[in-house]
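Spelled out from the first residue to the last, the chains are:
Protein chains: 4
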Amino acid sequence: MKFKVSTDMEYEVRSASTLILSIHALNTSHQTVLSEQFSIIPNTGPTDIVTTGENRLWRLDIKEPGTYKIHYEALVDNFARTVDYSDDKELSLAELDPAVLPYLNPSRYCQCDKLHNFAHNLFGDIKTPFKQVTALTDWIHQNVKYLSGSSSTETSAFDTVTEQQGVCRDFAHVGIALCRALNIPARYFTGYAYQLNPPDFHACFEAYLHGEWILFDATKLVPLNGMVKIATGLDAAEAAIANIFGDTSLTAIATACELADEGFEPIIYSDSITGIVYL
Amino acid sequence: MKFKVSTDMEYEVRSASTLILSIHALNTSHQTVLSEQFSIIPNTGPTDIVTTGENRLWRLDIKEPGTYKIHYEALVDNFARTVDYSDDKELSLAELDPAVLPYLNPSRYCQCDKLHNFAHNLFGDIKTPFKQVTALTDWIHQNVKYLSGSSSTETSAFDTVTEQQGVCRDFAHVGIALCRALNIPARYFTGYAYQLNPPDFHACFEAYLHGEWILFDATKLVPLNGMVKIATGLDAAEAAIANIFGDTSLTAIATACELADEGFEPIIYSDSITGIVYL
Amino acid sequence: MKFKVSTDMEYEVRSASTLILSIHALNTSHQTVLSEQFSIIPNTGPTDIVTTGENRLWRLDIKEPGTYKIHYEALVDNFARTVDYSDDKELSLAELDPAVLPYLNPSRYCQCDKLHNFAHNLFGDIKTPFKQVTALTDWIHQNVKYLSGSSSTETSAFDTVTEQQGVCRDFAHVGIALCRALNIPARYFTGYAYQLNPPDFHACFEAYLHGEWILFDATKLVPLNGMVKIATGLDAAEAAIANIFGDTSLTAIATACELADEGFEPIIYSDSITGIVYL
Amino acid sequence: MKFKVSTDMEYEVRSASTLILSIHALNTSHQTVLSEQFSIIPNTGPTDIVTTGENRLWRLDIKEPGTYKIHYEALVDNFARTVDYSDDKELSLAELDPAVLPYLNPSRYCQCDKLHNFAHNLFGDIKTPFKQVTALTDWIHQNVKYLSGSSSTETSAFDTVTEQQGVCRDFAHVGIALCRALNIPARYFTGYAYQLNPPDFHACFEAYLHGEWILFDATKLVPLNGMVKIATGLDAAEAAIANIFGDTSLTAIATACELADEGFEPIIYSDSITGIVYL
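Protein chains in written order, with the UniProt record's numbering: chain A, 1 to 279; chain B, 1 to 279; chain C, 1 to 279; chain D, 1 to 279.
Any given hint could be a false lead.
For identical chains, the list gives no copy identity; a pair is met inside one copy or between any two copies.
[To be verified] Calculated cross-link-like contacts (lysine-lysine; reagent style BS3-like; alpha-carbon spacing at most 27 Å):
#1 Lys127 with Lys89
#2 Lys145 with Lys131
#3 Lys63 with Lys127
#4 Lys63 with Lys131
If you are wondering where the hints come from, they were derived from the structure by calculation, not from laboratory data.
Remember, predicted model here, so these are calculated numbers, not experimental data.
Based on the provided sequences and hints, a complete structural model is requested.
Structure below.
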């Protein structure tokens, strides 16, 4: 399915600064960037796209103070499919790909070490991992209220399970923390999201089930197959849209995700499906 | 310089468990494992040494309850040198190796995002990074009291800067968090430490200065060139000695680090040196 | 019902210290101290029993280092009755005794401000206060595991609702915080407890319902009518057994609560009762 | 010195609510309310001024949804004097008025228990309490940045000592917590403040020195003798300007404090004075 995505940002730079932006769509086995353009005006010289893991970061070294306009747009083709989990089985940590072991650790916003009893009291009786992740996703959806401005960049999963309000970032952090507390590797996902209203970057999470990273979204705001992946990471600390080093602030932002194809059939998370999309 | 290191652990396994141990010495450009032996009694089958990044993890899948004795020993040769920082210069984030960018992020125990003002008020006037890291290492040494049992596995750098007591792990976390708050990549280091009394695993931290990971130890308990590296990570969450999944507990532990060479001349961190050891 | 209570403590005093002990039984409209004796050996001069609110504190000014033995014993008669809440009604804050308003505020260990959504999601649909408090007491009993050593003096209700383990102090803090979040005044209660095994000081909480302070105990470890009240306060910060100022540590402690009467019929909290004991 | 103070608030009441406002000036041995008027439009019936401790609270029971305008004004005469602390002596906890003992305890926003080492490392070598409180007030002033919007209602003294930014409320909380950590009773003070720009309610703190509550203001924004006391409490939890129970929100607020007298000579906190104003 093809999507056209774009980001426009304006930064007020007051002193020489380095910006590391994570707004480029990824190339993965399920997603291909067919074309893309990006620019900063005024121009600051050759562009440096760096990669950490699979993420593509746009590093900008801005020496002169001023107002800078950043534009990114891409045409992306991605591929989602549903997976049949009717024979969902217990995960074996002894056979887990070592590369995903770090996604079992507690991180800045996902203190799974402190959520052990909480997760096991609620979901410990469920014996297979796909059912656990769908159950915890439902719990978040039912108990945490989506409320703009109700959390801050300091809010962590440990806060949100009790404060029970937040934005997509917080919903993702709780999902990740609960998965890891149940010994299921999980990571943060940021992307463009078709039909998100108002348009914005979106965050959800992936759980590692039977050798694949599977997408879950506890906000249930958008179709799971309408997302264009930008980055993954341990949590929002590793997959931030922008890291700014220097006296610079964001003064405007707009993002868009439009369908550039036909025949889109939304896959919405539901209790009844025995499979789920991945990206 | 050659060191003989060893670990003996006893685990009480009450139900089928997976243990992931990080007790093997690393092979790096500065450290070579000349020989090593490791065993679990009773034997649980073929041994699985997995690697994540550069770390070597010993993954044990224990199916039968019982008491298990774990033994590791190695002869390791490592190489330390001092670096001349008399021409210490400001770091440029725009030129930083992308692979070290994750070490600028806040992590479970090192919330550099919350320590920004604290770090800048204390060390912001120091203009070059080596001097900043030595200054913050000294500040930790002077203000945080080394006191066994004064912290827990939940204690973070944010706690320790105010509670001002802890163990080597906490000293390392504060060092890492302060470095990152000053835009200096930093990571956790665990190892065997010669002359540590009583013998134990040790933790300190590495800062990424001018293209190299340099070792710092705010506890100042041991010579910097007497350490044998086991692992590095974002913080203790990623470089734990043991991660246990299942109903298993540690019932005994002993570790040793002996000199197997001649001519050891301790390098102790001091204000006057213009260079420092790295491993 | 008459109870004989006693406390024996030993303190190691290393420098001149002030101790403020809260081990004396209270005189209230429902409890009478029939006789009591208390002593410190070696003697430190005239004894100073001070009162704050209704609490009786034993303030000891110890000038000489040494080992001190403290003894308290009392014969106490108290009176418990059950209250019929079959016509439980909504509380009106507009008519609340102003003296209990402080027990609606968040305190050190009972951050009701952060538990608002949590309390309302779980208990907001229950319309009357007695039913709310019995429901939240049951929730704590079912979800929090009583585990010695699983919490510290820093653990708060906000921690315990997620960590879901603790001791009587933590159970009380969660009860208080949830009550206040539901606009029900609540306070901490410490006392001697008949049939507590092993013998120890006990902590539970009181909710202010229809003009009376009613006792609740989420640990459900002892009969509600077997307690001898020592003190009440906002939380454990205000009703600590001992506050020590100076270089002094507790080296031994024993406490006892024995029946000195006949015909004791235990009142255990249960879902079916329509009334509850108060003290 | 006479001051004319006033408050105007507008509340949007969406469902029956109880408001407890703390905007009335206090009558104390140093402050007299010469005249006052207060009203709510539309009128909600007889006004209920309740007292808790020395505080005067305006409790409003609003049954009908709507927009309500609240007005308070008063003419207040208060009396400030400087105290000579040239013979500052150590405080004796053994002689402390029992009524002030609660002000040594940790509270919601002032976790003195967690600031013990921090306070003693910085101020433990100062031997007398007035010098300690002036030193810690200076430390706060020099290290914490006054920045509107940089803290929230959840921010505590433990946060602020590291985050090093906040508003008057946060400055007061740090002052209180540090005093208590040094065994000096301290409490929160809210009031109207002459020459505060922009006009607003102000918060500072009182320390109990040699039998008197003495005023300190780490923000150093206004003259100490230009304040009109509204309330004191353990911290902002007990001395909030407004506690709202029900679905009601503040939509406008204005406050004023004008001199209604002649000959005002500002007393600003300074290192050189050997005495300080109290109210």
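Hints and how they fare:
1. For the homomeric pair Lys127 and Lys89, the shortest alpha-carbon distance inside one copy (8 Å) is at most 27 Å, but the shortest distance between copies (43 Å) is not.
2. Taking the closest pair of Cα atoms, Lys145 and Lys131 come within 27 Å of each other both inside a single copy (23 Å) and across two copies (25 Å).
3. Only between protomers do Lys63 and Lys127 lie at most 27 Å apart by alpha-carbon distance; the minimum there is 18 Å, versus 56 Å within a single protomer.
4. Taking the shortest alpha-carbon separations for Lys63 and Lys131, only the inter-copy value of 24 Å comes in at or below 27 Å, while the best intra-copy value is 51 Å.
Checked against the numbered hints above, the structure breaks none of them.
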